[in-house]
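K.L.:
First to last, the protein sequences are chains A and B.
So that you can map any letter, position 101 of the first sequence is 105 in the numbering used here, and since no number is skipped, the others follow by simple counting.
So that you can map any letter, position 53 of the second sequence is 1326 in the numbering used here, and since no number is skipped, the others follow by simple counting.
Watch out, some of these pointers could steer you wrong.
As the list claims (entries may be wrong) - Computed beta-carbon distance windows for the label pairs: (1) A/E58 with B/P1313: 45 to 53 Å; (2) A/T95 with B/D1274: 34 to 42 Å; (3) B/K1347 with A/T95: 33 to 41 Å.
To be verified - Pairs of lysine-lysine residues, derived as DSSO-like cross-links and limited to a Cα-Cα distance of at most 30 Å, are as follows: (4) A/K27 with A/K67; (5) A/K70 with B/K1380; (6) B/K1380 with B/K1315; (7) A/K27 with A/K69; (8) A/K23 with A/K69; (9) B/K1380 with B/K1312; (10) B/K1315 with A/K71; (11) B/K1347 with B/K1315; (12) B/K1347 with B/K1376; (13) A/K23 with B/K1380; (14) A/K70 with A/K23; (15) B/K1376 with B/K1315; (16) B/K1347 with B/K1312; (17) B/K1380 with A/K69; (18) A/K27 with A/K70; (19) B/K1315 with A/K23; (20) A/K27 with B/K1380; (21) A/K71 with A/K23; (22) B/K1380 with A/K67; (23) A/K71 with B/K1380; (24) B/K1380 with B/K1347; (25) B/K1347 with A/K27; (26) A/K27 with A/K71; (27) B/K1312 with B/K1376; (28) B/K1312 with A/K71; (29) A/K23 with A/K67; (30) A/K23 with B/K1347.
Claimed, not checked - Selected chain A positions facing chain B (Cβ under 7 Å, derived; list incomplete): (31) L49; (32) G105; (33) D110; (34) G115; (35) T119.
What the hints contain is simulated information worked out from the structure, not anything from laboratory work.
Fair warning: this is a prediction, and the values are worked out from it, not measured in the lab.
From the three backbone atoms N, C-alpha and C, an ideal C-beta is built for every residue, glycine too.
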Amino acid sequence: EVQLQQSGPEVGRPGSSVKISCKASGYTFTDYVMNWVKQSPGQGLEWIGWIDPEYGSTDYAEKFKKKATLTADTSSNTAYIQLSSLTSEDTATYFCARSGGGSSFDYWGQGVMVTVSS
Amino acid sequence: DIQMTQSPASLSASPEEIVTITCQASQDIGNWLAWYQQKPGKSPQLLIYSATSLADGIPSRFSGSRSGTQYSLKISRLQVEDTGIYYCLQRYSNPLTFGSGTKLEIK
C-alpha cells in the first residue's frame, strides 16, 4: 500500500526556518517525483515545486524559489521541504504528493500545519 | 504561467442531480488535466487524470471531458458524500497551476 507519512505540526518564529518530512512507502521512491503543495487557511492549493529523488533535480514555482528548498534522502525514502525566513504568509498546511509518468498526484501525505508565531 | 479559470465558485444541488464543474485553460494543455476532491481537514483525492481517465476506486458517477481548452468534471447521481471542494490541476508545464476551487454542497 502506497503511503506518504508527513511529520507533525510545526511552530516557527518569524525569521526562522522549519523542515518538514514526507516518508514514502509501498512503492519505489525513485520511480516518482515528489511534489509539494501549499494551502493557506481557507484558501486553495498552490504548487511549490517538485524533486526527482533519483537525480536530486528540482523545479520550483517562481514565488517559492527563495522560500523553499526541496531535498530527498533515498536511503530512507524521505522527501523534505525547508521553509526559510518565515513570515505570517507562510502559515499554511503543506502537502507532499507523488507524480510521475501518467500518475498525477495520485497519493498525498496527510499535510503538515506550519504556524508562524512569535 | 498557465491560468486555470474554474467555475462556478460554489454550487448547491440535491441528491441524484447532475452537476458540472469547468476549468478553462489559458492555453493548450492537451490532456494534462486532473481533478481532485478535498474534504475539510483532509488531503485532496485524485478523481480524474489525463482529462478523462477515472482514478482507481472512484465511482463511475464521476467523469471528465475536454473540449479544446475547456475541461469539465461531471458528477451524476449526486450523493451526500460528494460534498467538498473540487480543484482542477494542469500538469502541462511548470509552474503547475490549480483552479481556484468549486465548493459543492448537497442540499
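K.L.:
Does each hint fit the structure? Answer for all of them.
P.N.:
Hints and how they fare:
no., hint, result
1, A/E58 with B/P1313: 45 to 53 Å, "violated (35 Å)"
2, A/T95 with B/D1274: 34 to 42 Å, "violated (24 Å)"
3, B/K1347 with A/T95: 33 to 41 Å, "holds (36 Å)"
4, A/K27 with A/K67, "holds (25 Å)"
5, A/K70 with B/K1380, "violated (44 Å)"
6, B/K1380 with B/K1315, "holds (22 Å)"
7, A/K27 with A/K69, "holds (23 Å)"
8, A/K23 with A/K69, "holds (16 Å)"
9, B/K1380 with B/K1312, "holds (16 Å)"
10, B/K1315 with A/K71, "holds (25 Å)"
11, B/K1347 with B/K1315, "holds (22 Å)"
12, B/K1347 with B/K1376, "holds (14 Å)"
13, A/K23 with B/K1380, "violated (42 Å)"
14, A/K70 with A/K23, "holds (15 Å)"
15, B/K1376 with B/K1315, "holds (14 Å)"
16, B/K1347 with B/K1312, "holds (18 Å)"
17, B/K1380 with A/K69, "violated (43 Å)"
18, A/K27 with A/K70, "holds (24 Å)"
19, B/K1315 with A/K23, "holds (21 Å)"
20, A/K27 with B/K1380, "violated (39 Å)"
21, A/K71 with A/K23, "holds (12 Å)"
22, B/K1380 with A/K67, "violated (39 Å)"
23, A/K71 with B/K1380, "violated (42 Å)"
24, B/K1380 with B/K1347, "holds (18 Å)"
25, B/K1347 with A/K27, "violated (34 Å)"
26, A/K27 with A/K71, "holds (22 Å)"
27, B/K1312 with B/K1376, "holds (10 Å)"
28, B/K1312 with A/K71, "holds (28 Å)"
29, A/K23 with A/K67, "holds (18 Å)"
30, A/K23 with B/K1347, "violated (39 Å)"
31, L49, "holds (4 Å)"
32, G105, "violated (11 Å)"
33, D110, "holds (5 Å)"
34, G115, "holds (6 Å)"
35, T119, "violated (16 Å)"
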